[in-house]
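Student: Residues per chain are reported as follows:
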Amino acid sequence: MDIQLKRGLTEVCVLALLVRGDSYGYRLAKDTEQLMPMSESTLYPVLKRLQESGAVDTYSTEYAGRLRRYYTLTDAGWRQMLDFVTEWEQLGKVYEFIVHIKQEEEKKRTGGHHET
Amino acid sequence: MKREEYLEKLQLTLEESDFGPVEEAISYFNEILEDRIQEEGMDEEAAIATMESPEEIARKLVHSKSTQQATSAEKMAADEPFVSGIRIINARADQVRRMVIRDRNMRLNLRGWQRDDIEIRHPETEKIRYDFTLEDGVLSLIRQAPEFTFNLLLFKSSQPNMREVNIFVPYELAAELDLRTSNAKLDAKNVACWGTATYATSNATIDLDNVGAKTMQVKGSNGSIKLEKIQVKHTLTATNSNARIKAEKILAPEALTLKTSNGKITVEQITTDALELTSSNGKIEGVLPGRQSDYTIRSQTSNSKNSLPRQQDGGSKSLSVRTSNSRIDIRFEEKL
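Quick note, the sequences are listed as chains A and B, same order.
Using my numbering, the first residue of the first sequence is number 2, and each one after it goes up by one.
Using my numbering, the first residue of the second sequence is number 1310, and each one after it goes up by one.
Hints are supplied without guarantee of correctness; some may be wrong.
Going by beta-carbon spacing under 10 Å, a handful of chain A positions derived as facing chain B [to be verified]:
hint, residue
1, 80
2, 83
3, 100
Computed list of lysine-lysine pairs in PhoX-like fashion (alpha-carbon distance at most 20 Å, straight line) [as the list claims (entries may be wrong)]:
hint, chain 1, residue 1, chain 2, residue 2
4, A, 108, B, 1498
5, B, 1568, B, 1592
6, B, 1374, A, 49
Hints are computed from structural coordinates only; laboratory data are not their basis.
Heads up, the beta-carbon is just placed ideally off N, CA and C, and yes, glycines get one too.
With the sequences and hints as input, model every part of the structure.
Tutor: In structure tokens, the structure reads:
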């Protein structure tokens, strides 16, 4: 897969998981399993990018005598997710077009019938 | 390994690997580790055993950082471990004496073309992976076992070409063919191979049109088998279950054997010395060349009509027809 596309996909996957509510690293990594499995070390740079671009915010809360870092979806994060859906629809159209051209070409190529 | 030891090792590995500031990463992995211990009720060592190794983590983080920094698209593609898409394999036909394809849930299309080389186009993603080898004249493409199941409808429906493997070969191929898949259609057209040919799938249709081989075996289940314009040098055997078999314009000099259950068998324009048609709960019908007296016949059905004698000897060709709870309707037609 095109790396830009893949990056977009992993980011949107994480954003989508945050729609249900704020979450933390371990839970997010577990939750990706239902959508697009990512190991914790794959998830880390994704979270970091999302923070840097402002799509998610973080805060720390005390949990069981220690600090746990939570991630929360921002307005920019919502927008990124919706933009992705639009882009994907456009991609679908381009894809259909390419397949169509390919099929036409295939027809030309294998069109000549041959009797065994 | 204890937690301190693991984190220390991770820190050292990251520091050595030109990753940049490691503090934040360490606190992230420390938190993951603590959550694993608390939420899964594991002890420290067990939790660490299920974590990725410090080397693995460092490799991935550095990889992700370097791809992020890469500006040219080519550099990005080179850094990407799996680039999904359609892979194209080319081979010289004269270097292949046997072609083996083992797939699943993937449609196989075999096509004869005017070129004199072999080309295979298959999808490859992180989930759909193949092992390809060409050794001692054996070309094999084997689908790897799945690591996990993953089902996002969006991708399934929008990418039909990611669900088929296209195999192009010269019209005349001096090789054996062994193509198997499951839960998906197998479709072959305009190919004559000089060796044995095996075509198999399950829960889907097999459609062979204008195909030849030395001997041919076709195996299906729960999906119809359609054979049209098939020429073999020796024998053709097709077995199916819970679905029909239709055979038309077949030349199988030594023997043609068609077996199914709970499905109809239809034959037309068949040339063979030994025809065996077996079903159960399925009608058997068709037209055979020549006169009825040309055949030595054994036929049997139950609870239904039979157009053939149960036993007739003296014919030069053999004809065996068996079913149950269904009609046998075989007629004979002399060619002009």
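Student: The hint names residue 83 of chain A as touching chain B; please verify it with the least Cβ-Cβ distance against 10 Å.
Tutor: violated (15 Å)
Student: Compare the distance between the alpha carbons of residue 1568 of chain B and residue 1592 of chain B with 20 Å, and conclude whether the hinted pair is satisfied.
Tutor: Between residue 1568 of chain B and residue 1592 of chain B the Cα gap is close to 12 Å, so the pair holds against 20 Å.
Student: Double-check residue 100 of chain A for me: the hint is only fine if its C-beta lies closer than 10 Å to a C-beta in chain B.
Tutor: For residue 100 of chain A, the interface hint holds, since the closest Cβ of chain B sits about 6 Å away, which is under 10 Å.
Student: Would you check whether residue 80 of chain A satisfies its interface hint, that is, whether its CB is within less than 10 Å of any CB in chain B?
Tutor: Because about 20 Å separates residue 80 of chain A from the closest Cβ in chain B, which is outside the 10 Å limit, the hint is violated.
Student: Is residue 1374 of chain B close enough to residue 49 of chain A, meaning Cα to Cα at most 20 Å?
Tutor: Judged against 20 Å, a Cα distance of about 11 Å means the pair holds.
Student: Are the Cα positions of residue 108 of chain A and residue 1498 of chain B separated by 20 Å at most?
Tutor: holds (13 Å)
When the structure is compared with the earlier hints, violations turn up for hints 1 and 2 and for no others.
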